[in-house]
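Student: Below, each chain spelled out in residue letters.
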Amino acid sequence: MKRIYMDHAATTPTHPEVLEAMKPYFSDIFGNPSSIHSFGREAKKAIDDARDNVAGSIGARSDEIIFTSGGTEADNFALEGIAYANEKKGNHIISTPVEHHAVANCLGFLKKRGFEVTYIPVDSTGLADPEDIRKAMTDKTILVSVMHANNEVGTIEPIEEIGRICREKDVYFHTDAVQTFGHMPIDVKKLNVDLLSASAHKLYGPKGVGMLYVRKGTKIVPYLYGGEQEMGRRASTENVPGIVGLSKAVELVDGSDNGSTEERIRQLRDKLINGILSSIDDSILNGHPIKRLSNNVNVSIKYIEGESMLLRLDMEGISASTGSACSSGSLEPSHVLLSIGLPPETAHSSLRLTLGRWTTEKEVKRVLEVLPKIVRKLREMSPLTSSPSP
Amino acid sequence: MASGYSKKVMEHFAHPRNVGIIEDASGVGKVGNPVCGDIMELFIKVDNGKITDAKFRTFGCGAAIATSSMITEMVKGKTIEEALKISNKAVAESLEGLPPVKMHCSVLAEDALKAAINDHMIKTTGKGLPGFKLHEEHD
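Just so you know, the protein sequences line up as chains L and H, in that order.
Residue numbers are given in the working numbering: position 14 of the first sequence equals residue 14, and the series is strictly consecutive.
Residue numbers are given in the working numbering: position 21 of the second sequence equals residue 21, and the series is strictly consecutive.
Simulated from the structure, these hints should not be mistaken for lab results.
Check the hints yourself; a few may be wrong.
Claimed, not checked - Below, a list of computed lysine-lysine pairs in the DSS-like style, where the Cα atoms sit at most 25 Å apart:
#1 Lys377/L - Lys8/H
#2 Lys377/L - Lys89/H
#3 Lys7/H - Lys2/L
Because the structure is a prediction, the values reported are computed rather than measured.
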């Protein structure tokens with residue numbers, strides 16, 4: 001049975017051309033970019049070219065791009081780097097309750113170290129209000145961190161407006177763009193951001209590499225100490241194949257008329273959303289209906305639990321994700337779903353399907369065929385079902 | 001997730017036994033809560049001190065469904081005394097083991113059975129099981 005992969009928000013397959021581009025950097029061009037000899041120089045050239053390419057794709061200068069081991073490191077670097085570099089100026093940080101754990105848990109750590117964190121609420125679709133951020137600012141505020149788009153429910157945040165307020169108030173602004181980089185046009189000047197995190201494996205690049213954009217002049221301390229790599233801001237011998245892979249993934253996005261790819265995915269997404277909502281009673285869409293990632297479907301299907309849906313889908317060869325606790329190892333359901341106001345049992349009933357550039361209409365149709373049957377079977381077993389036949 | 005489940009667990013999940021309700025049940029146990037995402041309802045029919053039928057309904061993950069299915073199988077034909085001896089470990093063992101994070105589902109199944117027996121005792125004698133207490137986790 002051919003499997004159907006609907007979990008692109010978790011990770012994407014590496015594009016074959018990306019893999020080809022990376023191969024020479026394992027055995028042929030294998031030098032350490034810091035070495036003076038020819039092996040080093042050719043490796044250095046590869047990462048310089050990658051840097052230029054990645055910078056250009058977001059309207060940044062090359063020296064504003066720092067390669068990291070992924071989105072998580074970029075987020076940690078941004079938050080701790082700004083916090084510790086600016087703590088004499090202030091100790092207040094503003095963020096939202098729907099951030100990815102790489103931001104949320106890092107903020108939790110900073111709180112323990114004496115920083116004050118204000119979480120401004122989001123509405124029932126997951127949207128933050130820029131005015132709430134303005135109101136929360138004090139003369140001790142040094143950083144605002146709001147994700148570009150939410151990985152669970154897909155909601156796209158008003159980054160430009162938030163950034164404008166931060167500029168006005170002279171406060172650093174970081175955005176976790178892990179779910180948007182490579183999926184929509186990004187111009188760091190337009191977005192008014194000082195820092196931006198991204199990860200290669202969300203856009204058909206390899207796992208283990210990402211980047212942090214840091215606007216020139218930003219006061220930030222390094223995250224990793226050691227050698228002088230990444231302009232003295234992130235020590236460690238560079239992951240040359242990974243960096244080349246990231247750059248190639250970016251190049252493939254830019255070159256492929258990404259607008260029409262994303263539009264095709266968006267139409268399949270809407271087909272899936274409408275199909276689910278119309279064929280399954282007591283199902284709701286989570287997240288904003290319009291300001292939404294082109295590939296994200298997140299629904300709550302009442303009276304049944306998320307992990308049991310995933311297991312049944314997996315038995316049919318369909319791979320998806322859920323905000324239910326059962327699949328996360330804790331007893332608490334997704335903090336994102338709770339923050340948008342879902343009662344716990346509705347959060348436990350969530351199903352996330354995220355499409356990719358190779359998702360076909362046939363696959364969407366198959367999911368729409370299979371899911372209602374699964375729901376019916378699970379609802380027959382459920383003590384919460386209001387009526388005998390769903 | 002699915003990679004942590006034994007074949008037996010997946011068997012009971014894919015083909016659960018004894019799903020449903022018993023209209024004139026001798027005892028009903030309802031445990032769990034929406035906050036932690038597991039709710040189990042266990043129905044038992046008791047004749048002359050023996051459990052002659054058992055059915056369940058569960059809102060929960062693969063392990064929750066499998067443990068409730070397994071426990072209905074285990075109690076059929078047992079006396080009340082024998083049923084009271086069924087521990088969550090026995091349920092997990094019958095399923096060839098559960099991942100550590102899922103052991104609480106077997107605890108919930110044990111609680112559901114005890115709650116059903118407690119309900120039966122109150123219905124027939126006016127008094128519940130001596131010392132009956134649900135495990136704290138799901139309060």
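Student: Take the hints in turn and mark each one as holding or not.
Tutor: Results of checking the hints against the structure:
1. Between Lys377/L and Lys8/H, the direct Cα distance comes to roughly 19 Å. Compliance with the 25 Å bound is thereby established for this hinted pair.
2. Under the criterion of a C-alpha separation no larger than 25 Å, the hint pairing Lys377/L with Lys89/H is inconsistent with the structure, at around 28 Å.
3. A C-alpha spacing of about 22 Å is found between Lys7/H and Lys2/L, which places the hinted pair at or below 25 Å, so the restraint holds.
Hint compliance for this structure: hint 2 alone is broken.
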